[in-house]
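J.: For chain A, the structure is supplied; the task is to place chain B on it using the hints.
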Amino acid sequence: MYLPKTKMARREAIEGLLFILPWLVGYLIFRLGPLLASFYLSFTNYGGTGTPKWIGVGNYGYMFSEDPRFWDSVRSTLTFVVGFLPLSLVIGLGIALLMNQKVRGILLFRGIYYLPAVTTGVAVALLWQFVFHKQYGVLSGILGWFGVPQIGWLVDPNVVMYAFILMALWGIGGTMIVYLAGLQAIPSELYEAATIDGANSLQRFWTVTLPLLTPVIFFNLVTGLIAAFQIFENAYIMTGGGPNYATYFFGLNIYFTAFRSLRFGYASTIAYILFVLIAALTLFVMGTSRRWVYYAGEKE
Amino acid sequence: MNRYRNSGGVSRRSFLQLSAATGFFVGAGALLSSCVPAAAPGGQAGAGGVTLRFVTNHGESDVPLFKQVIETFMQANPEITIDHLDVAGNEFYDTINAQGVAQQLPDVWYTRTFDIPVYASKGWTTNLQALVDRDSAEVRVDDFWPAQVAQMRWNNELYALPYDFSNVGIYYNKKMFDEVGMAYPSETWTWPDLVEIALNFVQKDSSGQFTRWGLQFFNWNWVFHGLLMGWGGKIFTDDLSECIIDSPENRECFDFFIAARQQGLYPAAGAAPAGVDPFASGLLPMAFQGSWATTSMRSNIGDKFDFDCAPMPLSPAGKSCINAAGGAWGIATNTQNLEAAWKFVKFLTSTESTNTLISEPLRSIPGRKSSVPLWNETAAQGGLPPASVQVFPAQMDGANAAPFPPYWQDYSNAWNNLIAPMLDGVVTDGPDIVLPMFQQEVNRLIAQSNV
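Chains as they are written, first to last, in the working numbering: chain A, 1 to 300; chain B, 1 to 451.
For reference, chain A alone in the conformation it holds in the complex (with noise of 0.2 Å):
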């Protein structure tokens, strides 16, 4: 343990440790203790009275091999993630590439692309009911101009998926304004010197741009995975996990068992696997960084 030696870097720590002091008394009391609480919980059949009884494994034994929600569960967060996040990042940076020209009125459109991000999740979670509408909704009219059948994008099992990634896709202003910041971040000279050496445009983004940018994408793909796994609101709103479990989401599984069920217990035990599922896959990520990540004046 490091103890600083002098008197006055004793000082500067004990003020350090006094100005954090509100913010970790508020995380030992409402994010540890609960943290640790459900812990617990996942090893008791606790369901919201009485005395928690301790069962062991039985939560995880009964959630790996009885629980048919549970891999509705597994099978629906992952095909988001899947299908979200790639697409999240190519055209958020795509997105941020174009709003990154000089051209007149770039700061409006800057605005009009961010603003889905900042639109609030029941609002928008109407409005797409009205776009995704089967017979009367906006997309199946624009898509009924190609000859397209209409599709059922909220009601049939197959499709819903799609529906509900074109939602998310839709709000990744926010990815956009991180890149927006990252391209901003990269020296002119560079793409001079590129330039002068002869590359091309296409060249000068792969030479310079995304090796520049892999800290903002390595950002943008921790805390973009983070949030796709804990999918949530549009799917409480639009479809309640349905049709056929089809949107069954973890988060949604979790708050149906807890607050509906009132199996806390239970809902302990997925929201810890939701939980090493995502630790996992972010140390995953974070462990193959090394390779692909550039930092500017890193030593090697």
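FYI, nobody ran anything at the bench for these hints, they're computed from the structure.
Glycine residues also receive a C-beta, built at the ideal position from the N, C-alpha and C atoms.
One or more of the hints may lead you astray.
What the hints assert, rightly or not - Label pairs and their computed distance ranges (CB to CB):
hint, chain 1, residue 1, chain 2, residue 2, range
1, A, 57, B, 248, 18 to 28 Å
2, B, 387, A, 136, 31 to 41 Å
3, A, 126, B, 361, 21 to 31 Å
4, B, 146, A, 169, 49 to 59 Å
5, B, 79, A, 115, 52 to 62 Å
To be verified - Reference listing, derived: stretches of chain A covered by chain B, where coverage requires no fewer than 3 residues with Cβ under 8 Å from a Cβ of chain B:
hint, segment
6, 43-50
7, 123-137
8, 241-247
9, 273-281
T.: Relative to the frame of chain A, chain B by itself:
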């Protein structure tokens, strides 16, 4: 000049000392508060008085009505103060469930009949049977609807007293009926009669796609249970330990509605326009709607057309297809003022309060029969449609009382995911495939809830 002094004149030392003190007191206070037992719900209201926490799940338009009832009660009982909170929408359930787990439930709160077994089985609501027996002359259980009394029981004991009761009938557009020359529905019509009438209104476009249907239909499970019972089916065993929905009678009932939907009785999911009420806008001639909808129907339809309502059709065998559900008042087991809470619940459920809350503003069917004359009188005021609105309280007498099990939320979740898509035409699988699957799922959930 002291380099630590900031522009505001507060030294860094003072700032840190203040921060440390604040942090200490906040932290210590929070830690200590988590170590001591939670403050008891309810409490003293001045000398010798008590305060009751009262939570409803209604909405802005009903809050003034509750305020009126509460003021009347507090004037008559100055020693009791009512602290009212209305939590609208699904947030209500989050609030109640969180408070239930924390043993911090309000003294009195709104509980739907399908929630009564949920709360009673968890020990959250007080068994009122002894109090009802003690004050039977005041409570007058025989003034409640038998079906609701059955639904307010858990293990044969009363756990709530009624607020309102709801059932479903058929609203119909008289103008559209006149246009196609159809006779209005009779009081004794059956579902096959309704389908026969409805098909006269069905229209398709050149591609064979329906553009008009005969009925606005909802697949609410508690209402559909009445249909299943009318067809002679059962949903659960008598002790609620098993789901037995996969029976020939129930398959026949589901087959009937699926076949009728395929003929155009009601729109499949995503087929009707979104964001408009297809009955109120004059697109559909009939609506399968609740007793609670009369007021909104009047304001939505206005003078666009004349409409009326008919009783829920009987099953092909002539049995009632009515199942009902209602609102009621429960008392928390964690209340420290049981007698005061009981006094308030008795007042809430009295004819006087029911008149104020239900009959005068024309909400759903009053929970007390003695309030029905005023409800009928209010409904008839101004000669507004539907003229036959009294069919709703009238069909209460023969209503089925489908049981609501303690695993109702799980059951509803499974219904919405498996049964509703079948009824709405989202999946092509019929009852022969879906019902065994649904039954298996519900029985799995029952087994899990018993662990």
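J.: Please name the hints from earlier in the document that this structure breaks, with their numbers sorted from lowest to highest.
T.: Of the numbered hints given earlier, those the structure breaks are 1, 9, listed in rising order.
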